[in-house]
Amino acid sequence: MFSDPYTFPYTVFALGCAGLAAALLLWYLIARPRLGRSTKIVLLLGIGVLSLGTAATGNVAGFNATKTRTFCGACHVMTPFNEDATSAGSTSLAARHSRNEEFGSEACYMCHADYGMFETVVTKMGGMRHVYEYGVHFRQLSLDEALPRIHIRRPFPNSTCMRCHSTENPGWRRVGDHKSLLDQVRAGEVSCASNGCHGPAHPFAQVAHIKAEQAEQARAIRSIENGGAK
Amino acid sequence: MKKPRKPLDVVGLTSRWTRGILVSAAIMTLIGLALMVWSMAQPTPMPVILAMSVGQVLGIFSFLLFGIVVLVDQLRKQRSAGAHGTVTSNGIPEAAPGELPAHAARSADPSREASP
Chain G
1 MFSDPYTFPY TVFALGCAGL AAALLLWYLI ARPRLGRSTK IVLLLGIGVL
51 SLGTAATGNV AGFNATKTRT FCGACHVMTP FNEDATSAGS TSLAARHSRN
101 EEFGSEACYM CHADYGMFET VVTKMGGMRH VYEYGVHFRQ LSLDEALPRI
151 HIRRPFPNST CMRCHSTENP GWRRVGDHKS LLDQVRAGEV SCASNGCHGP
201 AHPFAQVAHI KAEQAEQARA IRSIENGGAK
Chain S
1 MKKPRKPLDV VGLTSRWTRG ILVSAAIMTL IGLALMVWSM AQPTPMPVIL
51 AMSVGQVLGI FSFLLFGIVV LVDQLRKQRS AGAHGTVTSN GIPEAAPGEL
101 PAHAARSADP SREASP
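Going down the list, the protein sequences come from chains G and S.
In this text, residue positions in the first sequence follow our numbering: the first is 1, and each later residue adds one.
In this text, residue positions in the second sequence follow our numbering: the first is 1, and each later residue adds one.
Just so you know, the hints here were simulated from the structure itself, not pulled from any lab data.
All values derive from a computational prediction rather than experimental measurement.
Don't take each hint at face value.
Stated by the list, open to error - Partial pick of chain S residues on the chain G-facing surface, computed with a CB cut under 8 Å:
no.: 1; residue: Gly20
no.: 2; residue: Ile21
no.: 3; residue: Val23
no.: 4; residue: Ser24
no.: 5; residue: Val37
no.: 6; residue: Pro43
no.: 7; residue: Ile49
no.: 8; residue: Ser62
no.: 9; residue: Phe66
no.: 10; residue: Ile68
no.: 11; residue: Val70
no.: 12; residue: Asp73
no.: 13; residue: Leu75
no.: 14; residue: Ala81
no.: 15; residue: Ala83
The beta-carbon is built from N, C-alpha and C at its ideal position, and this holds for glycine as well.
In isolation and in its complexed conformation, chain S is listed as follows (with noise of 0.2 Å):
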């Protein structure tokens, strides 16, 4: 029988590598803004054509990966507070069957939480 293929998990993935897409980012920027340093240290060809070409690519790349870092940490986050407790889209956990919803049995009245 054929097992039924699990999807690609990109968060779970992701939040592994975080440390180290971290830590090529924070790189990358250090050579793009060495980079742009030397361009003004000695405003020659090669130093100016490198620090808007190579240094400017290497820190927007810097940046898209520290965005993606960011959005997959907070989707982690997301994911792992759902798992204590079934997320609705509208962020507030769903009741099991039989069950009052968690934010209608918060505002419940107690005498009713407390009779049998």
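Bound-form chain G, shown alone (with noise of 0.2 Å):
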């Protein structure tokens, strides 16, 4: 609760809100008071005022709570992610982006969020979606069926990559792949996470949906020739 430093002066101010606002309401539960001026100006804070100022704080506490790995780790099927993410002796992308002290914690989020003037709550909202899917489609599997079913909604655009890789680097330049493919990496023709170039950000992921297409395509050739032997 009080170990991301960005979030404590939040933290510390809603629950102070909310310690008076609680104390406030739970006195006027139990002393039972006259509905006069006195107890209007205690109702407003206890009701009013201190609640609000705890709602407010909350939700940006909220909002920051959101954005760390360990948020989006917390559903099961996000578990081999996590933990890829996590381990240091993976090459994943994923893994090596998250290794990084400036905004590893948040991995996840950097590398999944719709930016612009409304990052956060676009983002967030996008992210409703993904709390239904998992409650109506994805809680019920093991890890092993919800593994290949788990596929990124739109392909990842090179923008993303290139907020931090802005592709005017000399020594990013230098590289005779990326030089060859300025216009294309640019434009967004040719994807950095696409196997020929950096690979997938989750190659463990890749590897499930090849095995299920794999044994799908067997299932079919199994079908086609029970049904050819009767």
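With the hints as a guide, bring the two chains together.
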């Protein structure tokens, strides 16, 4: 709760307001005073001012909490993604970016957020679809069943990579593939996370997809063979 | 003969329920606060979503109820003040026929008041 230095002041303020509001409201419920001016002021503080203070700062703390990798990894179907990101030995794109001290603890959000003026709000509204999908389709599934079904909704945009890797750095341009594909990379025609380039960010998920496809094909072949035999 | 229907007395009705409404508002606020504190203590999807949806709705609804109770209480006070003396739109008691208006009576010359 107090580990994030950015959220800490909001959390302390919210808890202080909540404590005071609760004390005032409990006093009202227990003492049962007459509705005079002083009681109205106490209730205005308890129901209005202090509760609004808790809600406002609590929302900021909540939004910050939703950016963290532990929050994203809280659903069981995200466990392998979170484990890969925290694995010291993993060389996947996700793991390498998660080791970054600057934003590693918020690596999921940094790569999957929509950027713009209302980034957090827009991304969180999109995140509600994840909650729906999880509640309706994925909650009952085991990891092996869920993994082949989890896929990115839209192709990963290069613009997200280019927020940090600007494609202007001379060191970046010295790489032959970067130099030859500069225009296509900037236009998003060649994905940075494609198999020929840096590979998928979560390679184990791609392996699961391929295995599921192979199993599906094998089932189809078997059913055709069985049908032919009949 | 058909009896004329009495208009619904919202102010009177609400002022009778004042205590109950305020207790409900206080309890709903406490539940909303508990949800918000829970979301900060355990920032996982379920508590955070509950705090930001149910918690917010409970808080806003409680504040609305409180506002309604205060407004009704104010109206009730005005009404009871009006029952003692009819109050005009500008808040000055209206005079009965043949009487000086109250404000005029107050400001009238004492000698005139004493005259037969």
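Index of numbered hints that the structure contradicts, given in increasing order: Violated: hints 1, 2, 4, 10, 13, 14, 15.
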